[in-house]
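We have chain A; now place chain B onto it with these hints.
Number of protein chains: 2
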Amino acid sequence: MGIEIERKFLVCDASWRTHIKQSQPMAQGYLAASPGTTVRVRVAGAEAFLTLKGPVKELARAEFEYAIPVEEAREMLALFCEGHRLEKVRHEVEVGEHLWEIDEFTGENQGLIVAEVELASADEAFVRPRWLGAEVSGMPRYYNSQLVVRPFACWSEAEQRGEVSCRE
Amino acid sequence: MGIEIERKFLVCDASWRTHIKQSQPMAQGYLAASPGTTVRVRVAGAEAFLTLKGPVKELARAEFEYAIPVEEAREMLALFCEGHRLEKVRHEVEVGEHLWEIDEFTGENQGLIVAEVELASADEAFVRPRWLGAEVSGMPRYYNSQLVVRPFACWSEAEQRGEVSCRE
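Those protein sequences? They're chains A and B, same order as listed. Position 100, counted from 1, in the first sequence is what the working numbering calls 100; the numbers after and before it change by one each time, with no gaps. Position 164, counted from 1, in the second sequence is what the working numbering calls 164; the numbers after and before it change by one each time, with no gaps.
In isolation and in its complexed conformation, chain A is listed as follows:
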């Protein structure tokens, strides 16, 4: 089991685009998002993964991930994830010691861009690039597993502007 510690932010401008190291389209869906546990299937370029995640506790989350054949992942997305799929392009940007993953969503989540950094511990320091906006770590509506059931297109204008508090 791995432990995933991530912090998630909005972006406040597009200056990160000039620093993209690589970009990859991703399609993913959820076979389950019962309280605290998600089962995700993801196709990322020529690879595919089945990923199980536990509940988020203080930014950290138990995670089990297994590589699976891409063809089987596509079958699962079609068979098991209807109405629970999303697509995005993941851009990688290096800032100081850290690799940021900037997810630019498409389809019903078009317009949403979220930047994530993985940390070794919850209090690890990191350089804040100038394009970094408000932190949205732990806000359920930004969970990918929530974006499949309540996409960005359904959010209120205040939510779309990122103005609603963490205590929603």
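None of these hints come from the bench; they were simulated from the model. One thing to keep in mind: the hints can contain errors.
Claimed, not checked - Partial list, derived from the structure: chain A residues whose beta carbon lies under 10 Å from chain B: (1) Met1; (2) Ile5; (3) Cys12; (4) Trp16; (5) Leu31; (6) Ala32; (7) Leu52; (8) Ile68.
Glycine residues also receive a C-beta, built at the ideal position from the N, C-alpha and C atoms.
Showing chain B alone in chain A's frame:
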């Protein structure tokens, strides 16, 4: 993807016990049992598997199965499947051309014994051994994913005797 075609029966006596080829204890739990899709983790002796199954359609069911490390399966059972676990001993008995799996449940499902045979097609013929009782294929209360939420100990006496119709 595999397609699993199974028929499931009660047993009407214990004569199968003298024909056991091998027996193996199993512990399994469900990370998800949303309508039509189950995600199961199973420890079977020295092996472990993560298995995804689609909805049952005319005895057949889409199935994807991946071998995973036993240690990780045990962690998943503890972390993700609390209240959604069961234990049983699976006995294998050969009858004619077919291998029967006879599941003898323990714990809260003690007293329930179910025999399953996997077929190549829904109408494939098979020898009916004399210990074979009523067919319970497609009856939800006998699904393992249901036995974790409504175990045999909670069934009515009529249900425990297998007397309730398929149209429950």
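Here's how the hints hold up against the structure:
{"no.": "1", "hint": "Met1", "result": "holds, 5 Å"}
{"no.": "2", "hint": "Ile5", "result": "violated, 16 Å"}
{"no.": "3", "hint": "Cys12", "result": "violated, 37 Å"}
{"no.": "4", "hint": "Trp16", "result": "violated, 35 Å"}
{"no.": "5", "hint": "Leu31", "result": "holds, 5 Å"}
{"no.": "6", "hint": "Ala32", "result": "holds, 3 Å"}
{"no.": "7", "hint": "Leu52", "result": "holds, 6 Å"}
{"no.": "8", "hint": "Ile68", "result": "holds, 6 Å"}
Against the hints set out earlier in the document, violations occur for numbers 2, 3, 4.
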